[in-house]
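> Once you've looked at the hints, dock chain U against the given chain A.
Number of protein chains: 2
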Amino acid sequence: MTEQKATNVFWHDGEVTREDRFGLLKQKGATLWFTGLSGSGKSTVAVELEKQLLMQGKLAYRLDGDNVRLGINKNLGFSADDRKENIRRVGEVSKLMADAGMIVLNSFISPYIADRDIVRELHAKGDLDFIEVFVDCSLNEAEKRDPKGLYKKARAGEIKNFTGIDDPYEAPANPEVHLHSDTMSLQEEVDILMAALAKRGII
Amino acid sequence: MTEQKATNVFWHDGEVTREDRFGLLKQKGATLWFTGLSGSGKSTVAVELEKQLLMQGKLAYRLDGDNVRLGINKNLGFSADDRKENIRRVGEVSKLMADAGMIVLNSFISPYIADRDIVRELHAKGDLDFIEVFVDCSLNEAEKRDPKGLYKKARAGEIKNFTGIDDPYEAPANPEVHLHSDTMSLQEEVDILMAALAKRGII
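Which chain is which? The protein sequence lines are A and U, in order.
If you count by the numbering used here, then the first sequence holds residues 1 to 203, one letter each, in order.
If you count by the numbering used here, then the second sequence holds residues 1 to 203, one letter each, in order.
One chain only, chain A, in its complex shape (with noise of 0.2 Å):
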């Protein structure tokens, strides 16, 4: 038999527990999910968020885009149903990290209500904590900023079904964390997402 080396870890029969990796790792699993326009800000945050965790010895992951469109969804394109579906793996592939029990920072336009509602009824069912983080920019700060060029393509026509240009944003009516990335600095956002962690017991 092996030693017991962790000392937050009780012996118990039976199956390993979410609540024992949740006591390993000193963290309740959840999913955070930021929602908002191209060059809101939304991964700058997460970013941010993610290394002032890392400091506090919480563990997080950040799926956005880049590791999501290029994996799991890359059978995935950008019909209506195939952005659904996008959607409603990318939640599903969060409730499982949550259950693990790291912290999972999602960052994805997300631009329609329904779509955001099934990922928060997947983790509503599966009793773990979603929240919702609206960051919130003006249109047209989100277009001076251009991070990526993608504003000026889809006023050129050149991109179509651009969300904020020829397709809508829902914003979300009632969201747990609301975000002015237009007039707050970076540190105020982290300080909010970070009360509303501890608050909620998540860290």
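Worth double-checking, as some hints may not be accurate.
With a cut-off of at most 25 Å between alpha-carbon atoms, the simulated BS3-like pairs for lysine-lysine come out as follows [what the hints assert, rightly or not]: (1) U/Lys125 to A/Lys28; (2) U/Lys148 to U/Lys74; (3) U/Lys28 to A/Lys51; (4) A/Lys84 to U/Lys28; (5) A/Lys84 to A/Lys51; (6) U/Lys125 to A/Lys74; (7) A/Lys51 to U/Lys51; (8) A/Lys84 to U/Lys84; (9) A/Lys84 to A/Lys148; (10) U/Lys74 to A/Lys125; (11) U/Lys74 to U/Lys84; (12) A/Lys26 to U/Lys28; (13) A/Lys153 to A/Lys74; (14) A/Lys28 to U/Lys26; (15) U/Lys84 to A/Lys74; (16) U/Lys26 to A/Lys26; (17) A/Lys74 to U/Lys74; (18) U/Lys28 to A/Lys28; (19) U/Lys51 to A/Lys26; (20) A/Lys51 to A/Lys28.
If you are wondering where the hints come from, they were derived from the structure by calculation, not from laboratory data.
The following block gives chain U in isolation, referenced to the frame of chain A:
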């Protein structure tokens, strides 16, 4: 700014890296893929390994038909194409979880070499450890155990395309770990797996 609590985490510029997460957890993320006949004991050894890892303070997570077929793969059936997509998605989820730092324990019959090799390839490309664990058990013994009564149904023709009866099982030619569940004790199996993890610096 938040306080630096984790002494094994070092500050650096830029985004959080895989190495940061592995350092925090004091383990390397990796995927163990348990393959073998129905009734061979794949889940039994995965459950026991998970428990003994937890007792050493190591974070593991199990993926199997139960949490995958009802979630990320709920829109997949049992056709050849769907089986292949089923394994592919599990492979992609495992890769994300291993990158996050988890020791992922997958129990799937996964009868085809080509499908398992897709997952192996995914991990190789991502520079992540992939350990194929062949849970070897004679058909005779697996059928005698028949924990879910499935062999009986397959012999009676009530289930079609059942692996080992009217569908082939392609044994791994060169698995990283080869367990003989019909002759080894459960603890012997776990000890072999622990040694394999230690040898690769995963634990």
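> Decide, hint by hint, whether the structure agrees.
Do the hints match the structure? See the list:
Between U/Lys125 and A/Lys28 the CA atoms are separated by roughly 31 Å; this puts the pair beyond 25 Å, and the hint is violated. Between U/Lys148 and U/Lys74 the alpha-carbon distance is near 21 Å, which keeps this suggested pair within the 25 Å criterion. The hinted pair formed by U/Lys28 and A/Lys51 meets the criterion: a straight-line CA distance of about 19 Å does not exceed 25 Å. Pair hint A/Lys84 plus U/Lys28 does not hold up; C-alpha atoms about 33 Å apart against a cutoff of 25 Å.
This hinted pair does not check out: A/Lys84 and A/Lys51 have alpha carbons roughly 30 Å apart, beyond 25 Å. Of the pairs offered as hints, the one joining U/Lys125 and A/Lys74 holds, with about 15 Å between alpha carbons and a cut-off of 25 Å not exceeded. Between the alpha carbons of A/Lys51 and U/Lys51 the distance comes to roughly 30 Å, so the proposed pair goes past 25 Å and is violated. A C-alpha spacing of about 22 Å is found between A/Lys84 and U/Lys84, which places the hinted pair at or below 25 Å, so the restraint holds.
Proximity of A/Lys84 to A/Lys148 is assessed by CA-CA distance (about 24 Å); at most 25 Å being required, the pair is judged to hold. Between the alpha carbons of U/Lys74 and A/Lys125 the distance comes to roughly 15 Å, so the proposed pair stays at or under 25 Å and holds. In summary, the hint linking U/Lys74 to U/Lys84 is supported, as the alpha carbons are separated by about 14 Å, within the 25 Å threshold. Between A/Lys26 and U/Lys28 the CA atoms are separated by roughly 19 Å; this keeps the pair inside 25 Å, and the hint holds.
Restraint check for A/Lys153 and A/Lys74: the C-alpha separation of about 24 Å stays at or below 25 Å, so the hint holds. For the hint pairing A/Lys28 with U/Lys26, the CA-to-CA distance comes to about 19 Å; that is within 25 Å, so the pair holds. Simply put, U/Lys84 and A/Lys74 have alpha-carbon atoms about 14 Å apart, close enough for the 25 Å limit, and the pair holds. For the suggested pair U/Lys26 and A/Lys26, the alpha carbons sit about 14 Å apart, so the restraint of at most 25 Å is met.
In summary, the hint linking A/Lys74 to U/Lys74 is supported, as the alpha carbons are separated by about 18 Å, within the 25 Å threshold. For the proposed pair U/Lys28 and A/Lys28, the alpha carbon gap of about 21 Å is at most 25 Å, so the pair holds. At most 25 Å may separate the alpha-carbon atoms for a hinted pair to count; U/Lys51 and A/Lys26 meet this at roughly 18 Å. The straight-line distance between the Cα atoms of A/Lys51 and A/Lys28 is roughly 17 Å, inside the 25 Å bound, and the hint therefore holds.
The structure shown violates the earlier hints numbered 1, 4, 5 and 7.
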